[in-house]
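Line by line, the protein sequences are chains A and B.
For this note's numbering, count along the first sequence from 1 and bump the result up by 95.
For this note's numbering, count along the second sequence from 1 and bump the result up by 121.
Please keep in mind that the hints were generated in silico from the structure rather than gathered at the bench.
If you're wondering where the values come from, they're calculated on a predicted model, not measured in any experiment.
Just so it is clear, CB atoms sit at the ideal spot from N, CA and C, and this is done for glycine as well.
Hints are supplied without guarantee of correctness; some may be wrong.
Taking CB as the label site, the calculated pair distances span [said to hold, decoys possible]: (1) A:S303 - B:E605: 26 to 36 Å; (2) B:A267 - A:G358: 43 to 53 Å; (3) A:E308 - B:A274: 50 to 60 Å; (4) A:L672 - B:R317: 36 to 46 Å; (5) A:E342 - B:V263: 37 to 47 Å; (6) A:V193 - B:S239: 24 to 34 Å.
Once the Cα atoms are required to be at most 27 Å apart in a straight line, the calculated DSS-like pairs of lysine-lysine come out as [unchecked claim]: (7) A:K321 - B:K193; (8) B:K513 - A:K321; (9) A:K561 - A:K213; (10) B:K352 - A:K131; (11) B:K525 - B:K352.
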Amino acid sequence: MAAISESAMTGDRVKKGGRRAVLARLMKYFLLHKCKVAAAFLLMLASNLFALIGPWLSGLAIDAIAADAVDLAAVQRYCIWMAGFYVLSSAFAYLLTVLMIRLSQSIVKSMRQDVFDKILRLPVAVTDRMQAGDLINRISYDIDTVNASLSNDILQAATSVVTVVGAFVGMAATAPVMLPVLLVTVPVAVVVTVVRSRTVRPLFRKRSAKLAELNGFSEEMLSGIKTIKAYGREAPVTQKFRARNTEAVDAYYAADYYGSLIGPAVNFVNNLGMVLISTAGAFLYLYGIVSLGNISSFLLYSRRFSGPINEYANIMGEIQSALAAAERVFRLMDAPEERADDPSARTLRAVQGAVAFEHVRFSYDGETEVIRDLSFSVSPGQTVAIVGPTGAGKTTLVNLMMRFYDPQAGEILLDGVPIGQYTRKSLRAAFTMVLQDTWLFEGTVYENIAYGKEGASYEEVMAAAKAAHVSDFVHMLPAGYDTPVTDGGVNLSKGQRQLITIARAMLSPAKMLILDEATSNVDTRTELLIRDAMAKLTQGRTSFIIAHRLTTVVGADLILVVKDGDVVERGTHAALLARGGFYKEIYSAQFE
Amino acid sequence: MKRILAYLAPYKWRMALGFLIKALGTVAELVLPLIMSYMIDDVVPTGSVLALSLWGGAMLLAAVVALVGNVKANRMASKVARDTTERIRADLFEKTLSLSARQVDEATLPSLVSRLSSDTYNVHNMIGMMQRLGVRAPILLVGGVALTFAVDAVLALVLLVSVPVLALIVVLVTRKGVGLYTRLQRAADSMVRKVRDDHTGIRVIKALSKGEYESASFAAVNARVSSAESKAGMTMGVTNPLMNAVLNLGMAAVVLVGAYRVAGGNAMPGDIIAFTSYFSIILNAVISVSRIFVVLTRGGASAKRIADILALPCDLLPVEGTEEGDAAEVIRFENVSFSYGGAPALKNVSFSLKKGQSLGIIGATGSGKSTLVALLLRFYDADAGRVLLCGKDVRAYENQAFRKKFGVVFQSDFFMAASVRENIDFERGLCEEEIERAAKYAKADDFIRAHDGYDGMLTGRGANYSGGQKQRLLIARALAGSPEILVLDDSSSALDYRTDAALRQTLLTHLKDCTVVMIAQRISSVRFADRILVLDGGRAVGFGDDAALMRTCDVYRRIYASQHGAEGGEDGCDQ
C-alpha cells in the first residue's frame, strides 16, 4: 500500500531488472495476439524493403538516360516498376498502421478494464489513501503512454533497423568505393544523437518541470483570488509570479538554445553527405569508376541511412517512459486485494439486527488508536445515535461494522456471530446506508434510485421515491425521473441529492441502516422533508446514526458519546442530561 | 492579436537581423544541389581535378554556412520568444489579479488559469516557430521552385503539380482529425468521470455488491474510448504513407519526363539528380508550411484569448465626490439591491451598525448572506443604494487603505503550499509577535506547536490539518493584521462546540474595538451577536437582538424550530 502512494511520485526511470520484468509482462499481452504480431512483422518488412528498391531502380533509370543514346523503353520500364514498388510500400505501410492500432487498442482496452476491475477489488483501506487523480493518471495518462509506444515506437524502432541495414546494403551494392564517405557522416550523426540525449533531453525535462511549477503556482493563486483581493495582496503575489515566470522562460530558453541545434545539425549531416558524395562521385565518375546512376542511388540511400540514426534517441526516450508508465500500471494491478473470505465463512441470511462490539481496538496507521477498547450492544430495531466532536472516530465505527477495515483486537458480533465468519458480500448486503457526501453517479434520477436493489421493479422504485419525497420535486426537473444527474450540472440541490440517496436506501430490504447526517444547511422546507424521510427509513431497521440533529439525538434508543476513541458516556438523552457530563457540555454548547 | 504583436515591437531590429541570417543560411542550403548538377554536367567533362576540388570546397562551405546561420538565427529567435513571453505572461497575471469579481465570474476561473498556462505556452511556441520556420519554409519553397524553373522549366512543372496535392492531403487530414480528436477527448472525459465517480462511491458500490454492474458500465465507456481512438489514429495515420507515395511517385515522374528531355537534348543527366534533391527540399517545405498554419491557428486563437483579458477595462476604481455620512456607524447599508445578472440576490436591504457592535447574519442557502458580505468588501458594486463604511462610501476608498480595515475568513478558504507562518502572514510582512499573538487568540497556537511549529509546511489546501484546525489558522490570519472589521463567513462550522465558545470569548475580551460580522447556519453561533440580520430570499426580514427576533421575526423562529426540533423549542432545552 505504501508502495503505491510512493510510486506516484517516482519519475520515469525504471531500474534495469524491473525493466526486463515489465517488458516480459507486456509481451504476455502481445502473445495473446500472435497472428496479428506476425502479420505486422511481415508487413513492416515488406513495406520497408519495397521502399528500398526505389533508389536502386532510379539509379538504373538514370544510367539508361546517361547512356550515349537514351534508352527510353528501359527508362519507362524502370519508372513503372519504381512507381509500383513505392505505391505498394505505402499501401503496406498504411495497412501496418491499421493493424498496429487494432493490436494496441485491444491490448490497451483490456489493460484499462483490468485496472478498473482491480480498483473495485481493492480494500477500501487502500482506495481511501489513493487520490482519485492518481488512479485517473494511471488509467488514462499512463496507459495512453503505453499505447503510443506500442503502436508507434516499437514499429519505428523495427523500421529503423530494417532501413539502416537495407540502406547500407543498397549503398554497398551500388558503389562500394564510396562507402568511406560514411566514415565522416556517421560519426557526426552519432555526436548529434548523443548531444541530444545527454544535453538536450534533460534540459527539456527541466523546462517541463519549471513550466508545471509555474502553472501550479498560478492555479493555486487564482484559486485564492478572493482572499488575495480581500487582503489587497495583489502586488506581492505578482512579484512572486514574476520570479517563477523568469525561471520558467529561462529554462525554456536553455532547452531551446541547445534544442535549436538539432534541426540544423540533422540537415547538416544530410548536406555533408551530399557534398562528399557528389565531390567523391564526380571524381570517380571522371575516372569511370562509378556511373551517374550509382551516384544518384547512393545519394538517395544515404538520406535514408542517416534518418533513423537521428530518430534513435527520440524513440529510446519514449520507450523508456512507456516502460515506466507500464510499471506504474502493473504495480497497481499487483496491489494486494481485500483478503479472501474465510473458507468456513457462511452467507448471512435472515438477519435479526443485533449488534455487539466487544473490546474493539482499532488504528488506521498502527500507531494512533482511533478506537480504544470499545464495547456496547444494540437490540434489533433500535436506533443508536453516535455523537461527539469531529475526528473522534465516528466514521470508523461504520468502517468496522461493514468490514471496510478489520479491528486489531476485539470482536464485532452480528446476531451473536463474529462478523468475520460471514462472507463480506452477504454482510454488506445486510446494511443500507446514507452517507454525508451524497453519492450519485452519472445516470438518471431513476437509475440512481434503482441502484439500491438488484432488479427493482418500477413500482418499487416509485414507492421509494414517494416515501423519500423525491416525487415532490421530480416533476420540476426537465425530464422528470429521466433527468440525468450531473456533477457539474445545475439541476439538483444538495437537499434533493440527499432525498435521492435516501430513496435509494429505502429500496433496499437490508435490516441495518447506517446514516451519516449531513451538516449542510438546506432550506427549512427541505429540512422537514429530509427529517420525515429519515424517520421512515429507520423504521424496522437497526440504525446507526452519526447525529447532528437534536431531534435524532432526543429520539434515539441509545446515545453513544464518543471522544478520543472511547465511548465516554452512553444512555438515553434524558439520562445523559441528568448526569451532567461531557454530553451535557457539548449539548449546551451546541443548542443553548 | 495587435496587442500581442505590440509586445514584439521592441525587438524588431533583433528580429530583422535574425531573419537576415536565417535567409542567408537557407539560401546556402538551396545552392547545394545547384552546384552538384553543375559539377556533374559541366565540370566533369572538362576533367579538371582542381576545379572539381574547388567546387567541392564551395559545397562544403555552403553546408557550413547553412548550419551556422540556422543555429545562430534559431537562438536569436528563442531569445525574442523568451523575452516577449515573459512580459506577456507577467502582464496577464497582474491583469488577472486586478479583475473585478464580476469579470472573474464572466471569464470563469478555469478559463483564466488555462489562459495563463496553455495559451501563453501556445503564444510562446508560435513566436519561436514563426521566426524559425516562418522565414525558412517560404524561402525553401519559393527559392526551390524558382531554381528548378531556372534549371528546367518542364521538370519544374512536374514538381509543381505535386505541391498542391500534398498541401491538400495535409489540410484535409488535419481538418478531419480535429473533429475526431474532439470526439476522443469527450469519450476520454467520460471515462475519467466514471473512475472519479466510482472512487468516491466505492463504499456504496461495495455495500450494494455492484462490482459487476460497474465493471460492465466501465466496459462500455472503455469501448467508446477505444473506438474513437482507433478512428482518429487511422485517419491521422493516412498522412505519412500517402505523402511518401506522392513524393516518390513525383520522383519517378521526374526521372521519366527527364529521360524524354535528355533524349530531346533539352536537359542534362545531372539536372535530374539535382531535381531529386530539390524534390525532397520543396516537399519538406510544404510540410513545414502546413505545420506553421497549425501553430499559427492555435497560437492566434490563444493570442486572442490573452488579448481579450488584457483589454478588459479596470472596474471598481475609487469614485470621488460622494457625500459623507455618520462616522460613528461602522457599517451602513442604504436600500441596497444587487443581482449577479439574473434574479436579484439582494433586495432593498438597509441596516446600520454602531462602533463596537457585533453582527450576525442568518438565513437559508441562497438567501443572500454571502452576497451581502461581497458588497461590504466591495467585490461588487451595488446596483442601487449604497454601502458606507465608517461614514464613507466604500466606493470612495483607496484600495489598500480599504483592505487594511478587514480581516476575512471565507467558506472553504484558501491556503498556500507554504509554512504556517507564511499562511498567517499572507504576504503582509507582519512581525513574529503579531503572528503568534493572532494564533493564540484564534486558539491555534497549541496545535501549531504540537504539529510542526510555525515553520511546518501546509500541503496544498492544508490537507495535513483537520477541518477545525484549518479554520482556526484562517481566523489567525484574519486577526493578525489587527483589523477594524472581522468578517467570518460560516467560519465556525467545523469547530467543535467548546473551541467555538472559547473563540467567541476571546473576541469579546481582546478585540473589543473590532467589529465582528459573522455569517452562520446555526442560530447558536449568532445568538451572542448584538445585532442579528435575518435574510430570506434577498430581503432583510429581521434585524435586532435574539430576544427581539424571537418575539417579532417569524423566519427566525422557524429556523430556530427546525434546528432544535419541534419539541426542542417546547421542552425548554435552551436553558
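Inset, instruction - Look at the Cβ atoms of A267 (chain B) and G358 (chain A) and judge whether their distance stays inside 43 to 53 Å. - result: violated, 23 Å
Inset, instruction - Would you mind confirming whether the straight-line C-alpha gap from K513 (chain B) to K321 (chain A) stays at or under 27 Å? - result: Roughly 23 Å separates the two Cα atoms, so the pair holds.
Inset, instruction - Take a look at whether the Cβ-Cβ distance between E342 (chain A) and V263 (chain B) falls inside 37 to 47 Å. - result: 40 Å Cβ-Cβ, so the 37 to 47 Å window holds.
Inset, instruction - Determine whether the Cβ-Cβ distance between S303 (chain A) and E605 (chain B) falls within the hinted range of 26 to 36 Å. - result: The hint (26 to 36 Å, Cβ to Cβ) is violated, given that S303 (chain A) and E605 (chain B) are roughly 47 Å apart.
Legend entry - Consistency of beta-carbon spacing, A274 (chain B) to E308 (chain A), with hint 50 to 60 Å: holds, 57 Å
Inset, instruction - Take a quick look at whether K352 (chain B) and K131 (chain A) sit within 27 Å of each other, Cα to Cα. - result: Holds: K352 (chain B) and K131 (chain A) sit about 19 Å apart, inside 27 Å.
Inset, instruction - Measure nothing beyond the straight line between the CA atoms of K525 (chain B) and K352 (chain B); if it is 27 Å or shorter, mark the hint as holding. - result: Since the Cα atoms of K525 (chain B) and K352 (chain B) sit roughly 58 Å apart, the hinted pair is violated (cutoff 27 Å).
Inset, instruction - Starting from the hint 24 to 34 Å, judge whether the C-beta atoms of V193 (chain A) and S239 (chain B) obey it. - result: holds, 32 Å
Inset, instruction - Could you say whether the range 36 to 46 Å given as a hint is met by the Cβ separation of L672 (chain A) and R317 (chain B)? - result: holds, 44 Å
Legend entry - Straight-line alpha-carbon gap K321 (chain A) to K193 (chain B), limit 27 Å: violated, 46 Å
Inset, instruction - Starting from K561 (chain A), check that the Cα of K213 (chain A) is at most 27 Å away, please. - result: violated, 37 Å
Against the hints set out earlier in the document, violations occur for numbers 1, 2, 7, 9, 11.
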